[in-house]
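Chemist: Residues per chain are reported as follows:
There are 2 protein chains.
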Amino acid sequence: MSLTLYSQWRATAPYRVRIGLALKGLDYAYEPVDLVAGAQHKPAYRAVNIQRLVPTLDLGDGTDVLTQSLAILEYLDEIHPEPALMPKDPMDRARVRAMAGIIACDIHPLNNMRVQRALEAMDVAAPRRAKWTERWIVDGFNTLEPMIAKYGQGFCFGDTPTIADCCLIPQIYSAARYKVELDAWPAIQAVGQRSKEHPAFIAALPENQPDAVS
Amino acid sequence: MSLTLYSQWRATAPYRVRIGLALKGLDYAYEPVDLVAGAQHKPAYRAVNIQRLVPTLDLGDGTDVLTQSLAILEYLDEIHPEPALMPKDPMDRARVRAMAGIIACDIHPLNNMRVQRALEAMDVAAPRRAKWTERWIVDGFNTLEPMIAKYGQGFCFGDTPTIADCCLIPQIYSAARYKVELDAWPAIQAVGQRSKEHPAFIAALPENQPDAVS
Numbered sequence: 001m002s003l004t005l006y007s008q009w010r011a012t013a014p015y016r017v018r019i020g021l022a023l024k025g026l027d028y029a030y031e032p033v034d035l036v037a038g039a040q041h042k043p044a045y046r047a048v049n050i051q052r053l054v055p056t057l058d059l060g061d062g063t064d065v066l067t068q069s070l071a072i073l074e075y076l077d078e079i080h081p082e083p084a085l086m087p088k089d090p091m092d093r094a095r096v097r098a099m100a101g102i103i104a105c106d107i108h109p110l111n112n113m114r115v116q117r118a119l120e121a122m123d124v125a126a127p128r129r130a131k132w133t134e135r136w137i138v139d140g141f142n143t144l145e146p147m148i149a150k151y152g153q154g155f156c157f158g159d160t161p162t163i164a165d166c167c168l169i170p171q172i173y174s175a176a177r178y179k180v181e182l183d184a185w186p187a188i189q190a191v192g193q194r195s196k197e198h199p200a201f202i203a204a205l206p207e208n209q210p211d212a213v214s
Numbered sequence: 001m002s003l004t005l006y007s008q009w010r011a012t013a014p015y016r017v018r019i020g021l022a023l024k025g026l027d028y029a030y031e032p033v034d035l036v037a038g039a040q041h042k043p044a045y046r047a048v049n050i051q052r053l054v055p056t057l058d059l060g061d062g063t064d065v066l067t068q069s070l071a072i073l074e075y076l077d078e079i080h081p082e083p084a085l086m087p088k089d090p091m092d093r094a095r096v097r098a099m100a101g102i103i104a105c106d107i108h109p110l111n112n113m114r115v116q117r118a119l120e121a122m123d124v125a126a127p128r129r130a131k132w133t134e135r136w137i138v139d140g141f142n143t144l145e146p147m148i149a150k151y152g153q154g155f156c157f158g159d160t161p162t163i164a165d166c167c168l169i170p171q172i173y174s175a176a177r178y179k180v181e182l183d184a185w186p187a188i189q190a191v192g193q194r195s196k197e198h199p200a201f202i203a204a205l206p207e208n209q210p211d212a213v214s
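Line by line, the protein sequences are chains A and B.
The numbering of the first sequence is full-length UniProt numbering, which starts it at 1 and goes up by one.
The numbering of the second sequence is full-length UniProt numbering, which starts it at 1 and goes up by one.
Hints in this document: simulated from the structure, not taken from any laboratory.
Glycine residues also receive a C-beta, built at the ideal position from the N, C-alpha and C atoms.
Incorrect hints may appear among the rest.
To be verified - Which residues of chain B face chain A? A few of them, derived with a C-beta cut under 7 angstroms, are:
#1 Glu78
#2 His80
#3 Thr143
Said to hold, decoys possible - Stretches of chain B that chain A covers, calculated by requiring three or more beta carbons in the stretch to come under 8 angstroms of a beta carbon on chain A:
#4 21-31
#5 120-129
#6 158-170
#7 189-202
Stated by the list, open to error - Taking lysine-lysine pairs in the DSBU-like style, the calculated list, with each CA pair at most 30 angstroms apart, reads:
#8 Lys131(B) <-> Lys131(A)
#9 Lys42(A) <-> Lys150(B)
#10 Lys179(B) <-> Lys150(B)
#11 Lys179(B) <-> Lys88(B)
#12 Lys88(A) <-> Lys42(B)
#13 Lys150(A) <-> Lys196(B)
Construct the complete structure from the given sequences, taking the supplied hints into account.
Modeler: Written out as structure tokens, the structure is:
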């Protein structure tokens, strides 16, 4: 398979998939979508993904592209089982998926660019938007912290990266962008530190992408 | 296992799990959480689920409760494989999970009660909130429609219910609450019609729950 990932350097959903691809050691072509300039709304990208969101993963084999970061990560883990991004036990898998869901359903969708712009269009001023963004991060991280403290041993669940880490590390990056300090969440902070030494997480960093703007 | 589901009759995330439990033929105790009265913020429920959201599934075996509707549905499908709520092929599974993600990540989190209240607290007036709510439903349904038209044969994917249907039917219910007509989405509408004849979907209906308010 010749993979192509449609991505934007600091959008957190494609960042999750970059981590997953790097953990699996899979090569892929990087196709930047300039979300700030509105490239996602142009016909060229709409023809790829009518939802006009990133990521999109083209498998290069003529099948329909894959969308939705969690669906893509689970697919990659099923097709390329090693190294595993999910534990084997159903209950453990439910814990990992719950952590991923807290981020992918309850934090990120409320804070991404299309939502920030929608709030702006409803005349919600910048200070209130900042409070809004912080609120969902704080709520989500307050929920994640005891789970990671209980189930994590270096990473969110156990001592190897899972889909939960693929979600958490981009969300930590987003928290820093919005100036939310991690002091209240030592377990989350520790996973963030750990990821800094891991080559797959380093390869996936926003600043290491071809479309990064310094 | 003696299952207990913490639910609220018309919240769409526990509605998804009710459908899954009914499709699997699993009995459970129903524990209502009065979200309108703020019961989710009281110590009794915080002790169950610190995220203060529904659903929570207590397996009754002393293990930590399960949270996050998609994680719970995948768990139920792994523990009770028949009838299957997921196809077997990894690519097919990715399609089902993408459909579920479009609803559970890109529509519902933007429209649920805590978000409606947060918008209200930022002085976003009712007509704008209605437009906001409609926008995410329209965006999501526009994305889902061609997928269901292509992959569905009565249900979202194929001719038996999957996790995608567990998400879609509650989202159709929510669309009706917000007066979003389904005329533009015949494939979605057809799945909604089909579910009306299915006993598991009927059992899970909001109006058939013990805490329903007429």
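Chemist: The structure should be examined with respect to each hint, and the outcome stated for every one.
Modeler: Quick rundown of the hints versus the structure:
The interface hint given for Glu78(B) holds, since its Cβ lies 4 angstroms from the closest Cβ of chain A, which is under the 7 angstroms cut-off. Checking His80(B) against chain A: minimum C-beta separation of about 10 angstroms lies over 7 angstroms; hint violated. With its C-beta approaching chain A no nearer than about 4 angstroms, Thr143(B) sits inside the 7 angstroms limit, and its interface hint holds. With a threshold of 8 angstroms between beta carbons, the proposed coverage of the segment 21-31 of chain B by chain A is violated, since 0 of its residues qualify and at least three are required.
Coverage of the segment 120-129 of chain B by chain A holds [criterion: at least 3 residues with CB-CB distance below 8 angstroms; count 3]. For a cut-off of 8 angstroms, the count of residues in the segment 158-170 of chain B with a CB near a CB of chain A stands at 0, and the three-residue condition is violated. Counting residues of the segment 189-202 of chain B whose CB lies closer than 8 angstroms to any CB of chain A gives 0, which falls below the minimum of 3, so the coverage claim is violated. A threshold of 30 angstroms between alpha carbons decides the hint, and for Lys131(B) with Lys131(A) the separation of about 22 angstroms falls inside it, so the pair holds.
As the CA atoms of Lys42(A) and Lys150(B) are separated by approximately 24 angstroms, the hinted pair is consistent with the 30 angstroms bound. Of the pairs offered as hints, the one joining Lys179(B) and Lys150(B) holds, with about 26 angstroms between alpha carbons and a cut-off of 30 angstroms not exceeded. With a C-alpha separation of about 36 angstroms, the suggested pairing of Lys179(B) with Lys88(B) is violated against the 30 angstroms cut-off. Restraint check for Lys88(A) and Lys42(B): not satisfied, since their Cα atoms lie roughly 35 angstroms apart, outside the 30 angstroms limit.
As the CA atoms of Lys150(A) and Lys196(B) are separated by approximately 42 angstroms, the hinted pair breaks the 30 angstroms bound.
Checked against the numbered hints above, the structure breaks hints 2, 4, 6, 7, 11, 12 and 13 and satisfies the rest.
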